[in-house]
Amino acid sequence: MSVATQPVGAAAPVTVPDSEAKTNRLMALLQLPSVAALFVWMLVPLALTIYFSFIRFSLVNPDVKGFAGIENYQFLVEDESFWPAIINTIILVGAVLVITVVFGVLLAVLYDREFFGKNVATLLVIAPFFVMPTVSALIWKNFIMHPVYGLVALAFKAVGLPPIDWFGDIPLASIIIIVSWEWLPFAFLILYTSLKSLDAEQKEAAAIDGANTLQMFFFIIVPHLKRAVGVVVMIETIFLLSIFAEIYTTTSGGPGHATTNLAFLIYSLGLQQFNVGIGSAGGILAVILANIVAYFLVKMMAQNLKGR
Amino acid sequence: MKKDTILGIIGWIVAAIIFFPLFWMIITAFKTEQGAYSPDLIFIPTLESFKDVFARSNYLAFMLNSIIISIGSTLVCFLFAIPAAYSMSFFPTPKTQPRLLWMLSTKMMPAVGVLMPIYFLFKLFGLLDNVLGLIIIYALMNLPIAVWMSYTYFCEIPGAILEAGRIDGANLWEELWHLLRPMALPGLSSTGLILVIFAWNEAFWSLNLTSAKAAPLTVFIASYSSPEGLFWAKLSAASLLAVAPIMVLGWMTQKQLVKGLTFGAVK
Amino acid sequence: MKRIAFPLLAVLITGVSVLAQQKTVTIATVNNPPMLELKKLSSKFEEKNPDIKLNWVIVEENVLRQRVTTDVTTGSGQFDAVYIGPYETPIFAKRGWLKEMANIPADYDIDDVFKSLRDVLSYDGKLYGLPFYGESSMLMYRKDLLEAKGLTMPEQPKYEDIKKIADAVTDKGKGVYGITLRGKPGWGENMAFLSTLINTFGGVWFDMKWNPMLDSSEWKKAIGFYIDLMKADGPPGASSNGFNENLTLMTSGKACMWIDATVAGGMLENGKESQVAGKMGYAPAPIEATPNGSHWLWTWAFAIPKAAKQAEAAEKFALWATSKDYIKLVADDIGWSDVPPGTRKSTYENPEYKKAPFTATTLQALLTADPTNPAIKPVPYTGIQFVGIPEFQSFGTVVGQNISGALAGKMSLEEALKASQTAVGRAVKQAGYQK
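Here the protein sequences come in this chain order: A, B and C. When the first sequence is numbered by the working numbering, its final residue is 308 and no position is left out of the sequence of numbers. When the second sequence is numbered by the working numbering, its final residue is 267 and no position is left out of the sequence of numbers. When the third sequence is numbered by the working numbering, its final residue is 435 and no position is left out of the sequence of numbers.
Be aware that one or more of the hints could be misleading.
As the list claims (entries may be wrong) - Below, in silico cross-link-like pairs of lysine to aspartate or glutamate (EDC-like), each with a Cα-Cα straight-line distance of 16 Å or less:
#1 C/Lys345 / C/Asp325
#2 C/Lys40 / B/Asp52
#3 C/Lys272 / B/Glu33
#4 C/Lys328 / C/Asp112
#5 C/Lys231 / A/Asp169
FYI, nobody ran anything at the bench for these hints, they're computed from the structure. Every value quoted in this text rests on a predicted model; they were computed, and no experiment measured them.
Starting from the given sequences, assemble the full structure and let the hints guide the process.
This is the structure in structure tokens:
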């Protein structure tokens, strides 16, 4: 296929042979195991969770029993941390998405060139993704951000500035920094791999046509990356909505409810006292929130999610 | 050439900044507990902390479990995901998009909300403290991601080449193995690596659904993360041990990625 | 792929363990030094009992609590011996989820074990836990820093004495802080200490009708005192400092006073890990309006879940681990000052043990802590540093978060107490305590 007639990166639609019906059935069959497995996986726990959310059920206090109606939901929604938790969740997800996608794209473009020792440098950039979230959080909390021993505090003291109490003064921002650091490699990896399928010939043709670096970036690279960015955003969003370990390890949702997100709130009010009813109600509320977020996300990214 | 050197320097600076917290953790692993709190770059390295870690925990058993669970669940995942992604990408129907989104939606329930139902189910089926239990959960947990990522990478592969192969008389298996595989390998390698990492680092289910026999490295780390007394050097040593196998795997997959990339360019 | 297959196979082969026809006792426990020493010495137990193999599950406290509670309350039988405290034991025992410790031989000398510990591990007169170590809380201070300012610590300090000393000693420019206290939110973190503070200032969590009393003047006075003290004389980042962070501040010489668990004594005097060994003084926890509830009582003890598969073997192990012989074993191994403290009278009568500077104060604290009388007036609950109901794990932490927020300056004291009052009220109402 010559470059002139084929937009780079897009593939021609597959022409379906005459035995169409047979092929279609085969294709549907190929998807069946995944769909069936996920269906069961979704349905069974979901059904149980919905059931539990409507009863009073505490593992440690069997006196708490009986039908609860919407009591569990009320308990959560009327808690004064509920709406702050929703807002914190959205801020956390949004900020990390922006940071990881923007820097991910920049890094991917930067690393698209050859330079000395690139393989090692790439591994270093990807490294944070290999580390368990609990360990990452502990490293940042104690080695870097601690106001007395942390490296940042020591650096500040060396130049005579008072140290920042990261988790006391700007707790949500601190969590955002940690989570972005953890997820940047993921975004980078996906975007970088996608960039590799960008036809070198088209880049050369554009260069010959006189495109400078900036034009190249915005008119060739960014459009090509749209699909990959879509994947990154969708997957990260799903994970970021239920960030838990980093908050649990560093701030326990505090100070006050500054870093409480919905997942942590569910833990705090439900799981921590082994109240399955409240925890389940929280789970359902989280699903509702996630679906709302997904709806808006899909609307925004409809272009990116189209197939070939 | 000048351009590449400047970019190279920038690239290295960025890599150094990103890697720095881990660099610090690595050198702390070789310090004594007392020295772990000071910012010294120059110190006498010691293997004391590693010795303590090996004495305290049966590292090999944990690592073995992590390997079995991560690779096992990823293989199961691919078994289900690749056929699905293939059919969705090369034979799209109006149902494809909604179906993909629905798959992703199965991940929307935060684990903290659904822990108890799963725990009860697992107890019922005897899957508690059982590697099979975790393999199943992780496979299901990662399946939407595997499908999505494979689908995305497949979409970047021109169908015409496959069609040409079909016209030449190749059957489905030959088509997949000889034509699709080389072109899809870099994408699938990234996907596989990411799936393994997700399974390797997953700490919520593994902590709650295993105890002694099936416990992976995430449980191993939980015995170093917040005890009484000084624990920095030991935590760093333990973390290094927990990350090392996965780093090795990542390094090996990187080579695959880089090698296969020249096939990915559309000609 | 091939490059992975061979090493993987090798690992698999070397990793396969021999199936033994032994009784495997699975123990769930916490990752602190006394427990790790027990694991180390447990090979001696296995030598004496070759038909029993011990399987250790060692995790941090919060994870342990989560796992053990889930296991015990659902009867899953994952663990044969669990490590729990006086908070869970009565709650579990009440529901019949634990096996009674019934087969205690005479030479175990059960009367040697402190009665207060036995009481908090019992329910309805029956014993359900064997204490491995016990602790209370006390004041630990740097004698040298006080001497330098010409100050001495009263025998029973009051909180106003503490403020005076802290103000005098603090020198933030030099990085010396008069006092450090727990600030990290959690029912077993900052609330453990703050409960004792509130008790001694005359406050209570609930009145006899289970109305929460967090908006009382005593709470305001106590928490206000805490926040002012920490702002004036405490280290930065106090709102995320837990036991460990404070221990580090003390051992690195940065803080002068610390009110926390008596087990810290051994760590502070450990020459290898502490720069202040030999410079410390120990005094009873400060009091204010009443000595009741001014210092806590806690023990980590072995209990056996009802669903345990190897209950008999587990009990044998628990008896061994909490026996006089075991304590002697530890003394021979790492010295008397590091034996599991606070469980037996005989430990405190040992001349070697008495030599350590913290043992006398610890003993006194252990003998005078009374969880059945935690406050200045009668209350419907037991527990000094906790309220002995299952819901406390949740609302206790919420209160801890609010106070931590006030300490960090994110909200005012009034806001924090008001929010806490509301949260506690909702929680006990939901659980049906208020009739």
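Against the structure, the hints:
Between C/Lys345 and C/Asp325 the alpha-carbon distance is near 14 Å, which keeps this suggested pair within the 16 Å criterion. Between C/Lys40 and B/Asp52, the direct Cα distance comes to roughly 11 Å. Compliance with the 16 Å bound is thereby established for this hinted pair. In summary, the hint linking C/Lys272 to B/Glu33 is supported, as the alpha carbons are separated by about 9 Å, within the 16 Å threshold. Between the alpha carbons of C/Lys328 and C/Asp112 the distance comes to roughly 15 Å, so the proposed pair stays at or under 16 Å and holds.
A distance of roughly 14 Å separates the Cα atoms of C/Lys231 and A/Asp169; the hinted pair therefore holds under the 16 Å criterion.
Violated hints are absent here; each numbered hint is respected by the structure.
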